[in-house]
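Enquirer: This is what each chain is made of:
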Amino acid sequence: MDIKDLKTHEYEVVVVGAGGAGLRAAIECSAQGMKTALICKSLLGKAHTVMAEGGMAAALGNVDTRDHWKVHFRDTMRGGKFLNVWRMAELHAQQAPDRVRELEEWGAVFDRTKDGLINQRNFGGHRYPRLAHVGDRTGLEMIRTLQDYGVHQGIDVFMEYAVLDLIKDGGQVAGLVAMISDTGEFVVFKAKAVIFATGGAGKAWKVTSNSWEYTGDGYAMAYEAGAELMDLEFTQFHPTGMVWPPSVAGILVTEGVRGEGGILTNSEGRRFMFDNIPARFASETAPDEAEADRWLAGDKNARRPAELLTRDVVARAIMKEVKEGRGSPHGGAFLDIATRRDGEYIKKKLPSMFHQFKVLAELDITKQPMEVGPTLHYFMGGIRVDADSQMTNVPGLFACGECSAGMHGANRLGGNSLSDLLVFGKLAGVGASDYCRGLDAMPTLDADQVISIIRNATSILNREQGENPYLIHDDLRDTMQTKVGIVRAETEIMEGIEALEQLKKRYQQVKADGASQYNPGWHEALSVRNLLITSEAVARAALLRKESRGGHTRLDYEGEREEWSNANVVISKGSDGEMQVNRVERGDPPEHLKKIAYAELSELESTIKIEGK
Amino acid sequence: MSEVREFKIWRGNSSGGAMVAYQTQVDEGMVVLDAIHKIQAESAGDMAVRWNCKAGKCGSCSMEINGMPKLACMTRMNDYQPNEVINCRPMKSFPVIKDLVTDVSWNYQQNKKITPLKPKARDKDGNYRMMQEDVDRIQEFRKCIECYLCQNTCHVIRDHQQESRFVGPRFMIRLASLEMHPLDTADRIPAIKNEYGSGLCNITKCCTAVCPEHIQITDNAIIPLKERVVDRYYDPIMWIKRKLFSAKKN
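In order, the protein sequences belong to chains A and B. Here this note's numbering is used: position 523 in the first sequence is 523, and no number is missing along the way. Take any residue in the second sequence, count from 1 to its spot, add 613: that is its number in this note's numbering.
Keep in mind that the hints were calculated from the coordinates and are not lab data. Misleading hints may appear alongside valid ones.
Stated by the list, open to error - Coverage of chain B stretches by chain A, computed from C-beta distances (three or more under 8 Å per stretch; other residues unrestricted): (1) 633-643; (2) 647-660; (3) 669-675; (4) 700-712; (5) 727-738; (6) 742-755.
For every residue, glycine included, the Cβ atom is placed at its ideal position computed from N, Cα and C.
Sequences are here, hints too, so could you generate the full structure?
Expert: Printed below as a string of structure tokens:
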């Protein structure tokens with residue numbers, strides 16, 4: 001094979017992934033004058049962002065004027081169990097309001113307050129109503145707005161291209177190789193910088209809210225290229241996924257249901273969340289139904305209901321009810337909005353939930369309670385980046401959105417993801433553009449690397465016989481679901497790692513049938529490589545962190561442990577090709593941020609008042 | 614409910630193809646897309662089908678199921694008689710790439726032709742103000758998930774191949790969402806009449822009938838746009854007013 005015969009594109013920046021983060025990054029690169037390509041596995045506008053429901057968090061203060069970026073920052077750090085990268089949480093809280101206003105200027109039509117401003121709704125872990133939203137289809141509004149704006153910004157979009165691996169020139173990024181789904185052809189992108197906005201890897205689990213695209217491509221490609229992965233043990237199980245019927249198990253039920261007043265009950269009709277309030281949140285949570293009802297009625301002095309505790313807490317509480325025999329008929333809890341709000345209000349505020357349950361479960365949420373249970377939803381961890389530039393330890397490789405680590409610590413607050421995409425998408429665009437301006441010349445392309453990437457991909461098709469990729473994937477999902485699931489213990493994780501080793505061996509013989517044109521079996525086989533690397537990283541990180549914190553729960557090490565309160569698990573590929581798993585101590589937090597994060601709320605709010613907004 | 618069901622799925626590419634018979638076990642609650650995935654994993658690993666969210670939110674899995682344009686992820690198996698064979702074909706109006714996957718790039722070209730939002734200046738405090746009742750109608754249009762089932766069904770495109778003269782229902786609602794946007798200052802009425810071809814729609818409402826989001830495409834978007842065109846070009850009073858006072862956007 002001669003690489004001169006391959007189709008080759010040349011760009012300054014290539015963005016991989018066209019969800020909220022990738023689109024925002026590409027728009028920024030273009031605005032910075034960079035020749036920019038945007039590559040996506042699906043059609044434009046179909047990325048996972050489209051499924052986001054509840055809203056994007058930003059301290060606009062439109063509904064409750066007491067809100068302020070410092071309060072948002074404090075909520076984020078507490079929700080993340082103080083393991084967030086402090087600077088990232090600061091940048092996010094400070095810049096989110098501007099990013100939301102900018103989206104409005106680009107055409108997003110958020111729900112309005114009575115005064116005509118952007119309306120904001122309550123969500124778990126947020127002190128004040130903070131989520132700018134459009135009913136329960138905020139992600140659709142966001143991706144369509146960015147898409148419709150983005151197509152006029154001179155970005156070249158490559159749809160249904162699957163990126164296979166990065167090419168490097170010495171230590172730095174030189175481009176990547178992709179496969180065109182429509183034809184099965186390979187194509188080379190030369191680039192000064194590559195931004196990954198590739199999302200998570202929920203498809204490693206059986207019960208997940210994620211789509212087929214979520215196969216950890218960014219994690220695996222970055223890892224192979226020498227980048228560090230961090231915090232991968234923190235996987236968010238969203239407490240409310242559908243549990244029935246089996247074919248839709250895992251599909252998301254927005255936290256907006258609880259934000260709008262929905263309550264969780266067990267088979268005995270008890271609102272069990274009041275029995276599960278952690279000490280850290282006790283002073284800011286209603287202790288009983290009476291105060292929670294006053295909150296729903298609009299009493300600003302009432303505290304939030306226990307159903308709006310952070311996702312890790314709610315997910316664990318549901319698991320406990322099920323385990324102790326108080327679950328719903330299909331192994332979840334009841335989520336009831338029907339008795340809390342009238343039918344018209346529910347249809348107006350939660351239209352897609354109404355539709356989803358009506359069609360997929362033949363259930364009317366304005367009349368009956370839903371059945372819900374935890375579903376793998378989000379990766380807090382990911383590719384380790386510099387907080388300001390979003391660059392990884394590989395020069396020229398950037399990451400933003402779900403595939404990057406640090407912003408959310410051990411647990412993400414609902415609504416902080418959509419705002420994360422915009423804030424860090426833009427910053428990655430700035431970071432990559434600055435990097436490009438600092439390079440004298442285009443990096444050179446190493447033909448051997450290109451050929452080796454292509455050979456790895458074609459060997460899957462060319463084998464005479466071998467393992468069915470769909471079956472390897474099924475076994476992988478079983479392994480992660482049962483061995484590295486929502487509650488973990490050393491024995492199971494070890495068994496999981498052993499099972500993954502077996503799967504890696506089977507993967508050596510993976511075989512996809514048929515020709516190369518638009519072949520889902522081939523895609524599946526290519527994705528399984530990435531899922532295997534990601535799963536191993538999750539399992540090994542989960543084994544090392546001997547405590548329970550946020551999205552990582554160890555049965556054998558209950559509760560947060562002081563010795564782990566300021567350390568990350570960082571993973572990289574060793575020179576021997578084996579996975580290196582290291583505990584890395586974090587530095588001391590900046591004093592001014594520490595003061596905000598650990599302040600009593602009343603104390604913080606009075607300082608904000610004195611300083612003025 | 615767990616039973617073996619019969620399927621016929623169109624297999625082929627731009628050079629031709631045929632319906633191929635499959636069988637698979639169908640369990641309670643399954644949708645057509647679940648069955649297609651099962652067939653893929655069991656006996657047709659290379660069968661092409663687009664999908665993403667499997668919850669009616671992304672609009673990827675559009676196809677024609679027993680003759681009706683539908684999202685496969687929102688079509689329940691128990692919508693059909695127990696002995697009914699399920700026929701799945703790719704959308705007819707777009708060129709086939711492979712199996713159930715069609716080339717929908719024409720839609721992206723239409724979208725790019727449309728003049729984007731041109732927002733007015735912000736209020737002095739940096740905010741925009743819009744009343745909920747003024748955005749209700751465009752929020753309906755913005756529910757569109759771009760499944761292109763309306764484009765596939767529209768007679769102007771499907772039967773009369775006028776796709777070079779008409780942007781189709783999906784983009785008529787996008788145009789309506791821009792024209793009725795309280796912040797917008799651009800004028801698209803001439804383009805709606807000429808370039809985007811509003812006159813070609815003859816209001817048979819087939820697009821509305823297949824919309825999985827239940828958007829009232831014809832009544833709430835296309836007819837109002839047609840009226841705006843008529844007001845501009847065919848209403849003598851408006852015509853004189855415009856001549857005298859220069860064009861104003863309504």
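Enquirer: It remains to establish, for every hint, whether it holds in the given structure.
Expert: How the hints compare with the structure:
Judged by the Cβ-Cβ criterion of 8 Å, the stretch 633-643 of chain B is covered by chain A as claimed, because 4 of its residues qualify and three suffice. For the stretch 647-660 of chain B, the stated coverage by chain A is satisfied: 6 residues place a CB nearer than 8 Å to a CB of that chain, which reaches the threshold of 3. Proximity of the stretch 669-675 of chain B to chain A, defined as three or more residues with a beta carbon under 8 Å from a beta carbon of that chain, is established by the 5 residues found. Counting residues of the stretch 700-712 of chain B whose CB falls under 8 Å from any CB of chain A gives 3; the rule of at least 3 is met.
Given a C-beta distance limit of less than 8 Å, the hint that chain A covers the stretch 727-738 of chain B holds, as 4 residues qualify and 3 suffice. Only when three residues or more bring their CB closer than 8 Å to a CB of chain A does the claim for the stretch 742-755 of chain B stand; here the count is 8, and the claim holds.
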